[in-house]
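Trainee: Chains as they are written, first to last, in my numbering: chain A, 1 to 278; chain B, 1 to 274.
Just to be clear, a hint being listed does not mean it is correct.
[Stated by the list, open to error] Residues from chain A that face chain B, not an exhaustive set, calculated with beta carbons under 8 Å: (1) ARG10; (2) ALA15; (3) LEU17; (4) CYS25; (5) LEU99; (6) SER109; (7) LEU119; (8) TRP142; (9) PRO143; (10) THR185; (11) LEU186; (12) PHE214; (13) VAL235; (14) GLN239; (15) ASP241; (16) TYR242.
[Stated by the list, open to error] Which residues of chain B face chain A? A partial, calculated answer using Cβ under 10 Å: (17) TYR21; (18) TYR86; (19) THR146; (20) PHE147; (21) GLY176; (22) ARG179; (23) TRP180; (24) PHE215.
Hints in this document: simulated from the structure, not taken from any laboratory. Here a beta-carbon is modelled for each residue, glycine too, at the ideal position from N, C-alpha and C.
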Amino acid sequence: MRISHSHLRRPSKSAWLLIGTGLLCVLLLLVLPLILIVVSAFSSGWKLFVRNLLDADMLAAIRLTLWVALLTVPVNLVFGTLTAWCVTRFEFFGKKLLLALVDTPYAISPVVAGLCYLLLYGNQGWLGSWLDAHGIQVMFAWPGIVLVTIFVTSPYVARELIPLMQVQGSQEEEAAVLLGAGGWTLFRRITLPNIQWALIYGTVLTTARAVGEFGSVAVVSGSIRGQTNTLALQVQLLQQDYNAVGAFTASLLLACIALLTLFLKVLLEYRQRKALKV
Amino acid sequence: MNGSHSVLPGFRLSLGLGVLYLSLIVLLPATTLVLQASQIRWSELVFYFTDPRLLAAIRVTFLAAICASLSNAVLGLLLAWIISRYEFPGRRFVDTLIDLPFALPTAVAGLTLSALFAKNGWIGQWLAPLGFEVSYGFVGIVLAMTFTSLPFVVRTLQPVIEDLAPEYEEAAECLGATRWQIFYRIILPPLMPALSIGSALALVRSLGEFGAVIFIAGNKPFETEVVSLMIFTYIGEYAYEAASAVAFFLLLTSLLILLIVQLLQRRYRARGAA
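Build out the structure end to end from the sequences listed, making use of the hints.
Mentor: Here it is as structure tokens:
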């Protein structure tokens, strides 16, 4: 039962106490860290910031991180959409199992995820020994990083799409099919416009996580400087080198991506709401 | 209805590719871990799980994760309540910023929190004279876990609070209920399902948290090591068997908690329908 309207009210005097406490927590836990990152990255001036940024290892880390994201996102975009289509448009045996499988990466600690892939593709692993014999190195090289990143980000697109596609139902699509639309036309003309904003948001989430993934990548990358070091691993390496400014410079890049993600989220949710109303 | 009876196209294609993709990406690696763990002999297992260093890590991890989930339950309830109930300047900003812990890479979160709460840090310098050391200690672990799992409770509670009719609270107030009674008797009961689900999700996330924790924990054996770090250390020592055993244990615990959540959800729903 949903009784009313908007419950947003003007706070009473005692409510201001709650709001104040909440705002203080947000300030201490969420706002101050962001300010600290900016201040620390620039604490030794612009010149050092730029030098840290243009450092060869840093540039290599940025390149690798972008490369990993570039390979990860399309894979999860395509297969996430296919999975969402499958579970929201059809009834079939084992659907619950498939959904559980979609959610599994959420329940697995990043380090455990890395270990799973290490056991499978590492030197002593089942696939690993075969790959090794054919001269293909997956672990401690970029393919391994891409694989674990695909694993940890695999739920995002599907999880964004499934609730939305369930709410929207399939009448429009069924009508289109009865009017003679083919599969691709149906998807491009009917489904895609309905889900586009959620799809973009799922992509944004995937990208953000792919760029910042740490635990699982730390297990499979081997952290070779300038070669298999992603930006998130670079943060740790620089901190271990007692180069705090450098670590915060890398952090600032990652924090900017995080803030961009939040901004896009607000924008895309607004668009999606408008699209649903129309 | 079977999928092939629907008028919509693409059932076989999407099911086939979806199953193939999930099998390769999720099922196969997870199965590898389970098989690897199942090959370990009992005597070895006993040997691993009686190591006092591992036992200490398990204790620290569970204690910290439980503390983090409880503080998340309180803080999350507060934040979800003010965001979905009151109109105040900066409400939208706070609402957006709640997702920051999910968007910010865990390594960045760990690095920043440890600097912020270190003895000479912006916040730490005020806590240090009070004898309160956060970074490189147990409290730091709790803080990092609380940070990374903050959005779970807030986001599961928000829709429920929005659906909560203020009329009941007003009625209770007219009938002379005290503020505490209103909270405890009127507001809390309908929020309990979402609150427990959000806290359980936060618990699962905290148990496995690695990136944020290792930056702030100090990682002293027997004192501030967490389970995920132990697994990482085993991997570094090529002790894959020990790593698999502990990883399997962590995986089972997480799945068990999620299963309990599912059962709780079903019970709440059944009661709600009755």
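Trainee: Hint by hint, say whether it matches the structure.
Mentor: Evaluation of the provided hints:
| no. | hint | verdict |
| --- | --- | --- |
| 1 | ARG10 | 6 Å, holds |
| 2 | ALA15 | 6 Å, holds |
| 3 | LEU17 | 10 Å, violated |
| 4 | CYS25 | 6 Å, holds |
| 5 | LEU99 | 10 Å, violated |
| 6 | SER109 | 3 Å, holds |
| 7 | LEU119 | 5 Å, holds |
| 8 | TRP142 | 17 Å, violated |
| 9 | PRO143 | 13 Å, violated |
| 10 | THR185 | 10 Å, violated |
| 11 | LEU186 | 7 Å, holds |
| 12 | PHE214 | 4 Å, holds |
| 13 | VAL235 | 5 Å, holds |
| 14 | GLN239 | 6 Å, holds |
| 15 | ASP241 | 13 Å, violated |
| 16 | TYR242 | 13 Å, violated |
| 17 | TYR21 | 4 Å, holds |
| 18 | TYR86 | 4 Å, holds |
| 19 | THR146 | 8 Å, holds |
| 20 | PHE147 | 6 Å, holds |
| 21 | GLY176 | 17 Å, violated |
| 22 | ARG179 | 7 Å, holds |
| 23 | TRP180 | 12 Å, violated |
| 24 | PHE215 | 7 Å, holds |
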